[in-house]
Every structure is written in structure tokens, then in C-alpha cells.
Amino acid sequence: MHRRERRVRGGLAIAALGGLAAGAAACAVTTQQEVQLGAQQAAQVNQQLPVVTDPQLNGYINGLGQALAARGERRDIAWHFYIVNTDVVNAFSLPGGYIYVNRGVIEHAANASELAGVVGHEIGHVEHRDQVAELERQQGANVGLTLAYVLLGRQPSAIEQAGIQVGGSAIFAHYDRGMESNADAEAVNLTTRTGYSPEGLVTFFQKLMNLERSEPGALAQMFATHPTDEQRIQAAQQLINQSVPRATMNRLTRDTRDFQSFKARMARYPAAPRQYRSQ
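If you're matching positions, the sequence shown starts at 3 in my numbering and goes up one per residue.
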């Protein structure tokens, strides 16, 4: 695969977010600020990326996401789940409970537990406020540059050229391995409590690792935003072995007819616009 990126110029609502970010630089980001920032960024994402509009597809991803999030600890935010119509294999989250799953993830997921693992992982980042930690880490930086950097994942050549990479591949692309490990643990917890096999997370990432080895660069965006290696996968499996009794594991759901119907309907959805295809 060849990585393609689309730069969307302007319209990042930097002015609207300036006061919020400036305030955040002076003190810890409050939940109200987190939600406000997430809503502003989600409005930009939904305007600039090809978000799926099919009610049945959206109904499934929201049903799955809400069920997982309800088993978490954050009762102080409303959760929102979206599908982005791009075959780029990735998923990302914004502050305040906005979760995006690319079509490519759904196409590569073999069963319901694998998709649940990915969604649970993104919920985990919000549960731990990883996006907020990144914003706080950049306290004192120029407000405009900070927001552009957070959106792009790198320092832009000019503020007006700041944009959102295809499929949100670089939004908050600063998770370290500790954050990834914590999000994995949260995914194991949420999927198990919701009734899905947590091993779906392991099988999905192992599948992607094998694909990346056979086609180097095929998943550059996924691994750029979510550093993955054998050690991380083994750690997740070890956590599952230690925390989920085998008798319980045998009762957990790996797949459902609803997921397979959802995946089949996704396959019939119009192809992604050319600029959002991986090749």
C-alpha cells in the first residue's frame, strides 16, 4: 500500500478554540473544557472526513460503543461513535468521548470480539484522558501551533495549512507505550464486562502484525498512532490469562449474526472517495 494524505486547509476553528487552549495552558484541563474541545474537534472531523451516514451502520457501531462505555468509569461525558469511510486501517479518539473507527478496521475484523477490542481500546484512551494529557504536556506553547500540532501530529509549515490527515491518522498521535498498555488493559476489562471475548483485541493486533510483516508499510498509519509489537501483544494475552478465568472465557461471545450482517452491509456501502483510499 502507498500512504496517501489529504491536507484540508483552514477551517480548524483555531480562533474559537484559542481561549479554551489558553485557559488549559494555565491550569489542568477540566472535564467541561475537555468536552468542549472534543466537540469542536469532532465538528471539524465530521465536516472534513467522509463519515458514514447509513443509519443501520451507525446504529450498530453506537450500540456496541455505548455498551462498552457503560462498563467504564466515566459517567461525566456523553459518548459518540462514528465510522469513517476510508480503507485505511485505523481508529482514533478525541477528548470528551468522540470515537472514530475507520472502515478498514471493520473490513479486517473477523468477528465481533475483534471490533469490540478496538473500540474498547479507544474508549480506554478517553477513560485515561490521554488526549488531555497530551494537551497539558504542551502547556505554554503558542496556542495556534499547539492545536495545529495536536491535529497534525507534527509541526505544520504554516498555521493555515494545518489539517486532518486521511482517516484521522495523526490526531493525538502521541500515545506512548504506557498509554497503549493502559488502553489495552481497559479494552480487556470493558470487553469482558460487556460479554465479549477480550482475546479479540489480541487476535486483531496479531493479524495486523502479520500483515505488516508480509507487506511492510501497509499499516504505517495504524502503527504510527498505536505502537504495536510482539511484546505488547504478549502482555495483553498475559493480562487476559491472569484476569479472566478459562471458565468465564468459554462463556464470552466471539461473534454474532448482527456483526456479520453489519460487516456485510458495510461491504455494500459506496467506496471511499478516491482521496481517502490507501492506494
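Since the hints were made in silico from the structure, they are not lab data. The structure displayed is predicted, hence computed values, not measured ones. Misleading hints may appear alongside valid ones.
[Unchecked claim] Here are the computed distance ranges between Cβ atoms for each label pair: (1) ARG248 / ARG276: 43 to 51 Å; (2) GLN240 / ARG195: 14 to 22 Å; (3) GLN49 / TYR271: 26 to 34 Å.
Using N, Cα and C, we set each Cβ at its ideal position, and we do this for glycine too.
For each hint, the structure was consulted:
no.	hint	verdict
1	ARG248 / ARG276: 43 to 51 Å	holds (48 Å)
2	GLN240 / ARG195: 14 to 22 Å	holds (19 Å)
3	GLN49 / TYR271: 26 to 34 Å	violated (20 Å)
In this structure, the one hint that does not hold is number 3.
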